[in-house]
Amino acid sequence: MRIKNWILYSGIGCLLLGSLILYFFDGEYLNSRQDINGAFLPILLFGIIIAPVFEEIAFRGYFSKIKKLQILSLVILLLYVIIFFNIINLSLFLLFLLLLIINKGKENNFIFIVSIIFFGVMHYKISDFTSLLAFNSIFFQIGFGAILLWIVINFNLKRAILLHSLINLTLFTFEYFYIINETDFSQKRIENKEIYVEWKKEFNFLPKRQEITASETSFEAKNYDALELYRAIQPLDKKEKQLFAKEPFISYTINFQLKDSINANSGLGLDLDELAEQYLKFSIEHNILAPK
336 MRIKNWILYS GIGCLLLGSL ILYFFDGEYL NSRQDINGAF LPILLFGIII APVFEEIAFR
396 GYFSKIKKLQ ILSLVILLLY VIIFFNIINL SLFLLFLLLL IINKGKENNF IFIVSIIFFG
456 VMHYKISDFT SLLAFNSIFF QIGFGAILLW IVINFNLKRA ILLHSLINLT LFTFEYFYII
516 NETDFSQKRI ENKEIYVEWK KEFNFLPKRQ EITASETSFE AKNYDALELY RAIQPLDKKE
576 KQLFAKEPFI SYTINFQLKD SINANSGLGL DLDELAEQYL KFSIEHNILA PK
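First residue of the sequence shown: 336, per the working numbering; consecutive thereafter.
Simulated from the structure, these hints should not be mistaken for lab results.
Hints may contain errors.
Claimed, not checked - Simulated restraints on C-beta separations:
#, residue 1, residue 2, range
1, LYS576, PHE420, 20 to 28 Å
2, ASP595, ILE371, 24 to 32 Å
3, HIS621, GLN577, 17 to 25 Å
4, LYS439, ASN372, 43 to 51 Å
5, PHE420, SER550, 37 to 45 Å
6, LEU506, LYS535, 24 to 32 Å
7, PHE512, ILE338, 32 to 40 Å
As the list claims (entries may be wrong) - Simulated pairs of lysine-lysine, DSS-like, Cα-Cα distance not exceeding 30 Å:
#, residue 1, residue 2
8, LYS536, LYS594
9, LYS557, LYS528
10, LYS594, LYS523
11, LYS528, LYS576
12, LYS460, LYS528
13, LYS536, LYS576
14, LYS439, LYS402
15, LYS536, LYS616
16, LYS536, LYS493
17, LYS535, LYS594
18, LYS627, LYS581
19, LYS535, LYS403
20, LYS439, LYS493
21, LYS402, LYS339
Remember, it's a predicted structure, so these values are computed and weren't measured experimentally.
Just so you know, even glycine gets a beta-carbon here, dropped at the ideal spot from N, CA and C.
Whenever a hint applies, use it, and build me the whole structure from the sequences.
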């Protein structure tokens with residue numbers, strides 16, 4: 336009987352630690368996991384059907400004791416390292432392989448620990464480790480990873496996949512109701528000496544046809560999320576700024592116009608660069624986009 340209850344207790348402890356960090360440390364910190372662009376339903380289906388299968392095979396398949404799954408696990412892990420390459424992921428993957436070789440494929444507590452940490456940090460970029468606030472979500476990830484590993488060890492991979500799907504479904508459900516209840520979907524308008532803007536938010540449940548018309552001084556867009564819109568009006572030869580969309584699963588209908596005062600003050604003709612910069616300024620001021 337492969338109980339290994341210390342793995343389960345460690346997972347619960349990490350979930351509690353992540354909750355404590357979230358509760359006691361005020362502030363806002365955006366990590367790469369929150370950088371979500373796209374419609375809700377396709378991402379939901381990916382999160383509850385495709386991701387759990389691949390992630391469980393990759394990170395827990397080796398502990399299923401099924402030879403074909405063990406080989407497939409290592410292959411998919413290697414693909415994850417290539418796709419999400421950074422020095423932390425590479426180091427943990429090599430350490431995992433080294434421990435397997437040293438222990439001749441036999442189970443070892445250090446192998447379990449490395450696997451759990453690997454699953455936790457694989458979902459993040461190195462830049463996410465620059466703030467204590469980032470670690471609340473990392474501890475959650477490690478905690479769930481430990482619990483899922485305990486399920487594989489004591490039951491089977493299928494149950495871990497099912498639990499993984501249920502966890503993701505629960506998180507997406509909370510996200511959905513939070514957005515619906517906390518977002519102001521009313522028509523808004525602002526006007527100052529630089530810009531005139533009318534905009535309205537919609538919950539981006541299904542992919543919709545996007546429409547945009549732009550000139551040097553204005554644009555009108557429909558069904559664009561904030562980051563897509565910035566990229567659409569950004570000049571092609573301009574280096575793209577690193578930005579987060581702070582409102583996942585929200586699309587916009589927007590009419591954005593530059594006022595004549597900008598042209599008069601500059602003494603030069605307006606261009607798309609000025610339009611993009613003013614839109615970026617507006618988006619940051621209204622808590623729509625944020626620098627990474």
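Consistency of the hints with the structure:
Separated by about 23 Å at the C-beta atoms, LYS576 and PHE420 satisfy the suggested range of 20 to 28 Å. Separated by about 37 Å at the C-beta atoms, ASP595 and ILE371 break the suggested range of 24 to 32 Å. In this structure, HIS621 and GLN577 meet the distance hint of 17 to 25 Å, their C-beta atoms being roughly 19 Å apart. Our hint of 43 to 51 Å for LYS439 and ASN372 holds, since their Cβ atoms are close to 45 Å apart.
The supplied range of 37 to 45 Å is met by PHE420 and SER550, whose beta-carbon atoms lie about 41 Å from each other. As the Cβ distance of LEU506 to LYS535 is approximately 27 Å, the hint placing it in 24 to 32 Å holds. Range check, PHE512 to ILE338: Cβ separation about 37 Å, and the 32 to 40 Å hint holds. Taking the CA atoms of LYS536 and LYS594, the gap is near 23 Å; set against the 30 Å cutoff, the hint holds.
With a CA separation close to 25 Å, the supplied pair LYS557 and LYS528 stays within the 30 Å bound. Note on LYS594 and LYS523: the hinted pairing holds, with a Cα-Cα distance of about 18 Å set against a maximum of 30 Å. At roughly 25 Å between alpha-carbon atoms, LYS528 and LYS576 fall within 30 Å of each other, so this suggested pair holds. About 40 Å separates the Cα atoms of LYS460 and LYS528, which puts this hinted pair outside 30 Å; it is violated.
For the suggested pair LYS536 and LYS576, the alpha carbons sit about 23 Å apart, so the restraint of at most 30 Å is met. Distance check on the hinted pair: LYS439 and LYS402 sit about 14 Å apart at the alpha-carbon level, within 30 Å; holds. In summary, the hint linking LYS536 to LYS616 is supported, as the alpha carbons are separated by about 18 Å, within the 30 Å threshold. At most 30 Å may separate the alpha-carbon atoms for a hinted pair to count; LYS536 and LYS493 exceed this at roughly 40 Å.
The hinted pair formed by LYS535 and LYS594 meets the criterion: a straight-line CA distance of about 20 Å does not exceed 30 Å. Using a Cα cut-off of 30 Å, the hinted pair LYS627 and LYS581 holds, with the two alpha carbons roughly 11 Å apart. Between LYS535 and LYS403 the CA atoms are separated by roughly 52 Å; this puts the pair beyond 30 Å, and the hint is violated. Distance restraint check for LYS439 and LYS493: the Cα-Cα separation of roughly 26 Å lies within the 30 Å cut-off, and the hinted pair is therefore satisfied.
In summary, the hint linking LYS402 to LYS339 is supported, as the alpha carbons are separated by about 21 Å, within the 30 Å threshold.
The structure fails to meet hints 2, 12, 16 and 19 from the earlier list, while all remaining hints are met.
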